[in-house]
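Participant: Chains as they are written, first to last, in full-length UniProt numbering: chain A, 1 to 333; chain B, 1 to 333.
Don't take every hint at face value.
Copies of the same chain are indistinguishable here, so a pair counts whether it falls within one copy or spans any two.
Said to hold, decoys possible - Below, simulated DSSO-like cross-link-like pairs (lysine-lysine); rule was C-alpha separation at most 27 Å, straight line: (1) Lys111 - Lys291; (2) Lys158 - Lys111; (3) Lys27 - Lys158; (4) Lys291 - Lys27; (5) Lys291 - Lys158.
Read the hints as simulated data drawn from the structure, not as lab findings. Fair warning: this is a prediction, and the values are worked out from it, not measured in the lab.
Below, each chain spelled out in residue letters.
2 protein chains.
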Amino acid sequence: MQDTHISLAHGNGGRYMRELIEELFAKYLANPDLDVEADAASITVENNELLFTTDGFTVQPLEFPGGNIGSLAVHGTTNDLAVSGATPKYLSLNAFIEEGTEVALLERIIKSMAEAAAEIDVKIVAGDTKVLRRGEGGGVYLATTGIGIRNGHLLSMKNIHDGDAILVSGPVGDHGIAVMLAREEFGLHGEILSDAASVLNLTRAAHEFPGLRFMRDPTRGGLATVCTELNRATGMGVRLIETDIPVRDPVHAVCDMLGYDPLYLACEGRVVAIINPESADTLLQTWRNIKGGEESAIIGHISTATRQVIIETEIGGERILEELEDDPLPRIC
Amino acid sequence: MQDTHISLAHGNGGRYMRELIEELFAKYLANPDLDVEADAASITVENNELLFTTDGFTVQPLEFPGGNIGSLAVHGTTNDLAVSGATPKYLSLNAFIEEGTEVALLERIIKSMAEAAAEIDVKIVAGDTKVLRRGEGGGVYLATTGIGIRNGHLLSMKNIHDGDAILVSGPVGDHGIAVMLAREEFGLHGEILSDAASVLNLTRAAHEFPGLRFMRDPTRGGLATVCTELNRATGMGVRLIETDIPVRDPVHAVCDMLGYDPLYLACEGRVVAIINPESADTLLQTWRNIKGGEESAIIGHISTATRQVIIETEIGGERILEELEDDPLPRIC
């Protein structure tokens, strides 16, 4: 397309919109199941047990060290399928694009989506674009919806037992801090990369364990929110050991400076797994041998001896992790 | 929930977001397949041939005579499945909500979604909400993605033949004009209701005809855009008879005043069908006996004698309908 910036005419259903879709979206996302001229994509699934999920993305800035809103959308949505015990197969994409957005930026975003999807063999088969008036959208918002095929047994919080071990597949909070630093708000600079990545290899490996109870990716609200959700849904307590939770030094440093708790910061490429205690060490070793899981750790366990989420602190005390109320970092995903 | 307006904290993944989802979204959208605590919904489909579609909605104002953005999102997405020859089954919902949005307004929108979904027995099984900073979103944007089960033979523009008849299921342009009047921009007032509605009964009836080639709902870009898309995709011409195209008098009147062409205005509850000429009259009678199809008409035919979209005008002349370039009415859907 000849234009360098998006105009309202790119959203009107006519020639400019067709060019935007054909020359930018279809250029990168083309696959045999994507027919940009059809109202709906015809897809055939291998079995009748599907998982279906959706996510909206509003991250600001749109590009950050380690990714952009496009790769984040693909990872975020397919990771929700992966932790639910499915193999992601198909995605739909909605793009809300603000008038004035640079076409080159949009192209980088779409290219990243295509790469992230190709990496895990997922196809984007349906899409829609809307153009928002200048000032009525934060550059680009995306909504992606995924269909996955269920692998074997269904995971559920209902499977969780007293004494089950809690693992996390890597350091927490990298994504939150990487995005925050990319805003250059506090005069802070850093080398932290977002952890945004597919967790499919990790979840597939975990799913081989019959003792696996449940998995979740700690995104908005972070690890602490996964724990408070577990607590709320099961009625059982959660005990975490602070020194066992992997947090990178620069993440600690920024958190100390700004008063954030890394346990509440978003990750976009981590998995929390709940597994029977007998299998915990084997899963840990398995994950440590998988790319992206090298820094996995066992961080605590489920306990009916308490009804809260309790963290044993570095200095030997205990504190209670409460459900998140204040929003430390809006527009993080 | 106690708040009367949405704040950024309603988007943070913590307590306020949970309350928003439990007390507003789940209140109206609850169904056995919706688990607001799961990362993905587990669904079982009756056969392996699915249709998958997605749409974004940015209509302004959010409420208009005949509907609101919530009912519009359900109708728009399920209609794309219906015209593709599927029975809509499941929807996912993304809501991008601007900080400061009135909770009562949001509740009316969600209630309308629930009613529109119940009417055609579709379940909303997955969702996500994001809160946008004040000034960074036009109140509410929605993205809905649908899964449908294919009924019988696959429709395609490739099936279209020279001489095929073109039907439309009712007057065109009502939605566009209803939304435009609701903006109260030009000091104009009117009684026009949006045509936003499910077309499922119409498409199901049409799908019984073996001679049915293709259907599409004329939304953004209107009837004219459906015709230019047919023309572009098939290489065949389209001939329309202006006096046979149903347009309500008040729609004509507003178009005359503002210089709009009703053929380019959005509909949200109409179907254009292409069918073999022998079956056209029977389909017309069938549609006229279905609620919402009473004003159906045969409006033209496919013709290889021309390579353009030609409309025979009321005064006996001809004009060519070109692909839409200017945007007469942004944020109409």
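Participant: Would you mind marking each hint as holding or not holding in the structure?
Facilitator: Here is what the structure says about each hint:
Proximity of Lys111 and Lys291 under a CA criterion of 27 Å is satisfied intra-copy only: 23 Å inside one chain copy versus 45 Å between copies. When the C-alpha separation of Lys158 and Lys111 is checked against a cutoff of 27 Å, the pair qualifies neither within a copy, at 40 Å, nor between copies, at 30 Å. Taking identical chains as interchangeable, the C-alpha atoms of Lys27 and Lys158 lie at most 27 Å apart only when they sit on different chains, with a minimum of 23 Å there against 44 Å within one chain. Taking the shortest alpha-carbon separations for Lys291 and Lys27, neither the intra-copy value of 30 Å nor the inter-copy value of 42 Å comes in at or below 27 Å.
For the homomeric pair Lys291 and Lys158, neither the shortest alpha-carbon distance inside one copy (30 Å) nor that between copies (46 Å) is at most 27 Å.
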